[in-house]
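Take these sequences, add in the hints, and give me the full structure.
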Amino acid sequence: MLSPLSRRFSSAGVPALLVLATLALLAGKSAPPRLNHTKSAHTVEDTTKALLEDEMYCASKDPVSAAFCREDLPKYRAEIVQQLFDRRLQCERSISSRSGPAVPLLEFYSNQSRPWTSTSPFMKQSESSWEKGFEYSARYAQANTSVGDSMRPGQPGLYLDRCEVPANAEGDAWTFDRFGPYKGHGHEWHGGGWMDAGGFASKLAKGSVWVTAMGFYPADADGNMIGFPPIEVHHMHASSCQHLRNPYVPQLASDGTYAIEFDLHGDRQCPKAMGGMNCTVRAFPPGFGMLLTDPLETFFDLIDVRAAGSSTLLFYSQHAYRWTRRTQRPVAKMVAGIHTNSFGYLHDDYLLTFDASKPHEYLYWSEQEFKFTGSFVNLYWHTHHGYTDDMWATSATADDLQLMGTFGGAFVDLPSIGWDTSSAKHFILERIAAAQEKCHQNKCLSYPAVRCSMAQDRWESAEIDDTRDYFSRYRHPHCARWDFKKGDVLTIFSFHKAQSHLRLTTKELRWMHTALYGFVIPTLDVFDDNISSTIPHMLNLAPTPLYLKQLGGHAGWWEN
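For the sequence shown, the positions run -28 to -1, 1 to 532 when mature numbering (1 follows the signal peptide of the UniProt record, and there is no 0) is used.
The hints are simulated quantities; they were obtained by calculation from the structure and are not laboratory data.
All figures in this text were calculated on a predicted structure; none of them were measured in a lab.
Yeah, the Cβ is synthetic: ideal placement off N, Cα and C, and Gly gets one too.
Incorrect hints may appear among the rest.
Straight-line alpha carbon distances no greater than 20 Å define the calculated PhoX-like cross-link-like pairs of lysine-lysine that follow [said to hold, decoys possible]:
no., residue 1, residue 2
1, 410, 305
2, 47, 244
3, 343, 244
Quick list of the computed label-pair ranges, beta carbon to beta carbon [claimed, not checked]:
no., residue 1, residue 2, range
4, 18, 325, 31 to 39 Å
5, 245, 137, 28 to 36 Å
6, 437, 63, 31 to 39 Å
7, 283, 378, 49 to 57 Å
8, 374, 459, 29 to 37 Å
9, 196, 137, 14 to 22 Å
Have a look at this one:
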């Protein structure tokens, strides 16, 4: 959920351009851990083997799942990025001067000197006062607030410029939104946001819009991608339901879903040999697309992770959308997390203690129910990796696995009950095996199984401030197609402990969260005759009553 922010809007009702420091729904304000890695860097042989394993895995899947899988391979990522760059070069931009806005007033409203800016009382020193009360933000204690540059006197304004070019002869198009320039000096957060991202409002008024590819990344003045380090994408959301004007009022899309159509976080960058920053651009296979139902609003934070006082770095945020009016095979997006009521309402952030003087290992789980029927053709994860050991998605129920009777709740400090992450994993796998045997004997319809786990080889060596560190990277998990029906259960597990790459010297409080992402298509060939060839563009799950009962008594246990 977004923090309350001071806001100024056009009294004429024209959408205001906002440059805001935000707390995103899926993004707690945690600084990326600096890692002292004990393992050596990947060899060429290791990388070649991993690439071949990924290609072999895609080749083993059914045709549709294989097509989605291949879009994650370096060759296919490179092709869509090359197409993006070729079209972007066709743009004839004129960056707006301080005398006017960068795009038509009918779409955006801009102050003559700079876009509206605001900071939040909950965002002091780059992170919330509540986090600072827990001594959480020591690494960025002296950092500027988000959009600190645009608040400093004497700095030039930040401007949005937009370009639209044809994508092909069939009438498809690329739309590019670029915002900046940011002026980084190290140890800073830089944020932004605006209404009607991609300018889709006027397009939707004239007919259907299908997005077939989307990208977001920091870029230099020539449009070249800037990776992490030095600039981390903390989060970027482009959503029809998350609005900075009224973050606490639930908003639904026109199809009745709570939609975060596009988002990207710092762990979406691949290892260099496996695509690097190309992985911040994703395309659906030919013929597939996401049907937009409403205009989008975007907001994001970028972190300059260099040392404070570093040389000036000018950079921009770059959004890119490839879209068409031609009817596509529908793709729905799913985001499922592990919710707590740490904020007094359901939220997917939780604060965990890690201490060098004693072991802290945690199990978090959530049982949720599918509200639609469909098929997962792509699954992947997001977390704060330095303190996450593994994450699992299963089709077994909490009762199948005896979770409540064994652990007493959905949030468990494992050493306090004589367990660790290894013993918890073995127990859950044993219970899944027992549930599978019972299912086989009773000829059940929903088979309990581990459907997806996190790729473990997810670190890359990179240099920052003349020091070599290791950073988490995106690795596509090898998760098979999963056909599910309305009423089936998804149980997510997240196992947390400080990874061996970290050398803890003091007690640390770390924001954690678990997010499982998936792309879903309609299931046309299984289950029953009521399957529709359409599906909402966002797939929402509902926490089960069993899980909801656990939230009241456990959400604040970590404070003690």
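Hints, one by one, checked against the model:
no.	hint	in the structure
1	410 / 305	violated (32 Å)
2	47 / 244	holds (13 Å)
3	343 / 244	violated (39 Å)
4	18 / 325: 31 to 39 Å	holds (34 Å)
5	245 / 137: 28 to 36 Å	holds (31 Å)
6	437 / 63: 31 to 39 Å	holds (34 Å)
7	283 / 378: 49 to 57 Å	holds (55 Å)
8	374 / 459: 29 to 37 Å	violated (21 Å)
9	196 / 137: 14 to 22 Å	holds (19 Å)
In this structure, the earlier hints numbered 1, 3, 8 are contradicted, and the remaining ones agree with it.
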